[in-house]
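Visitor: Sequence:
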Amino acid sequence: MKVLALGLLLAASLPACDKKTNSEATTTAEQPATAAKENVPAFNADSAYQFVAKQVSFGPRVPNTPAHRACGDYLIGKLEGYGGTMQVQSFTAKAYDGTALSLRNIMAQFNPKASKRILLAAHWDTRHVADKDPNNPTKPNDGANDGGSGVGVLLEIARQLQANPLTGNVGVDLMLFDGEDYGQPDNTGEYKEDTWCLGSQYWAKNLMPKGYSPNYGILLDMVGAKGSRFAREETSRAYAGDVVEKVWRTANQIGYSDYFPFQDSPGITDDHTYIIQHANIRMADIIAYDPTSPDGFFGPYHHRQTDNMDIIDRNTLKAVGQTVLHVVMTEQ
Numbered sequence: 001m002k003v004l005a006l007g008l009l010l011a012a013s014l015p016a017c018d019k020k021t022n023s024e025a026t027t028t029a030e031q032p033a034t035a036a037k038e039n040v041p042a043f044n045a046d047s048a049y050q051f052v053a054k055q056v057s058f059g060p061r062v063p064n065t066p067a068h069r070a071c072g073d074y075l076i077g078k079l080e081g082y083g084g085t086m087q088v089q090s091f092t093a094k095a096y097d098g099t100a101l102s103l104r105n106i107m108a109q110f111n112p113k114a115s116k117r118i119l120l121a122a123h124w125d126t127r128h129v130a131d132k133d134p135n136n137p138t139k140p141n142d143g144a145n146d147g148g149s150g151v152g153v154l155l156e157i158a159r160q161l162q163a164n165p166l167t168g169n170v171g172v173d174l175m176l177f178d179g180e181d182y183g184q185p186d187n188t189g190e191y192k193e194d195t196w197c198l199g200s201q202y203w204a205k206n207l208m209p210k211g212y213s214p215n216y217g218i219l220l221d222m223v224g225a226k227g228s229r230f231a232r233e234e235t236s237r238a239y240a241g242d243v244v245e246k247v248w249r250t251a252n253q254i255g256y257s258d259y260f261p262f263q264d265s266p267g268i269t270d271d272h273t274y275i276i277q278h279a280n281i282r283m284a285d286i287i288a289y290d291p292t293s294p295d296g297f298f299g300p301y302h303h304r305q306t307d308n309m310d311i312i313d314r315n316t317l318k319a320v321g322q323t324v325l326h327v328v329m330t331e332q
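Residue numbers (UniProt numbering): 1 to 332.
Worth double-checking, as some hints may not be accurate.
Below, simulated DSSO-like cross-link-like pairs (lysine-lysine); rule was C-alpha separation at most 27 Å, straight line [said to hold, decoys possible]:
1. Lys192 with Lys139
2. Lys226 with Lys205
3. Lys210 with Lys139
4. Lys94 with Lys113
5. Lys226 with Lys94
6. Lys54 with Lys226
7. Lys205 with Lys139
8. Lys116 with Lys54
9. Lys246 with Lys139
10. Lys54 with Lys113
11. Lys116 with Lys205
12. Lys78 with Lys113
13. Lys113 with Lys226
14. Lys226 with Lys192
15. Lys116 with Lys192
16. Lys116 with Lys246
17. Lys192 with Lys78
18. Lys94 with Lys246
19. Lys54 with Lys192
20. Lys205 with Lys94
To be clear, the hints were calculated from the coordinates, so they are not data collected in a lab. Every value quoted in this text rests on a predicted model; they were computed, and no experiment measured them.
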């Protein structure tokens, strides 16, 4: 899905972005939690699960395929139906192998006139090859977790925002990035830079809306597999330490400490990398971390044919969705 990032090299190349040091982020995150605020609606894990299943029903959402086009149209219609103010950024990106990819970044804004904005993002495309699979490495996979789960959580958040409208000076922007998982496989010759996260790269250099500057962002990636644990990723800690603190403390306050342990993980190249680098937006990455897995980070289903609905767990979706919903609904 993404290559592991070298923390020191990455830190040298990214903007300051109101940077906190890793030690500062670790210290503040482990301070005693204050009482959680009330009046936050219940995140419906059954609904989120069905949103994941619906995406999978289209087939692999690989760019330039009918399934990709159909799913994108579905997502736009669903977000618009939930009251989002829609913006769609259509563009063509060149893949590592020279393929011209027709891509769409999809944004839905809630309470669009509010000046304080929170960006919630996920990628909606799926891997074009399951290159880690021992049996079918050249075929795409379902991408139920890697692609489907983050979008499923955001669709349920959109549904909740329609039922429980934001008021006052806080607005939420849901962003679905395209072309995240079309990166260069390891066995395709000389390594090329920046072949992953094509949608976020394009958006960060061509902001939509123009001049867009949210207070902070949260990225959801692979947030639905059974038994997932979410550690505090290195780039997030370095450039959005306060956001990491907010998310992990909230999760622990409302009962999801098993899913959000105060554990640190290495940096990775993900959509937030380019958003921090090119748009100077502080963004934390909620991404499953499994140091016991074959590659030392991602789960055993990663870029394999086993990334299907069999691994999607309502409890994991609930833990992530309720935490993020709590963060945005209690923002001042």
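Visitor: Taking each numbered hint in turn, which are not upheld by the structure, reported in ascending numerical order?
Guide: Checked against the structure, the hints that fail are numbers 2, 3, 4, 5, 7, 8, 9, 10, 13, 14, 15, 17, 18, 19, while the rest are satisfied.
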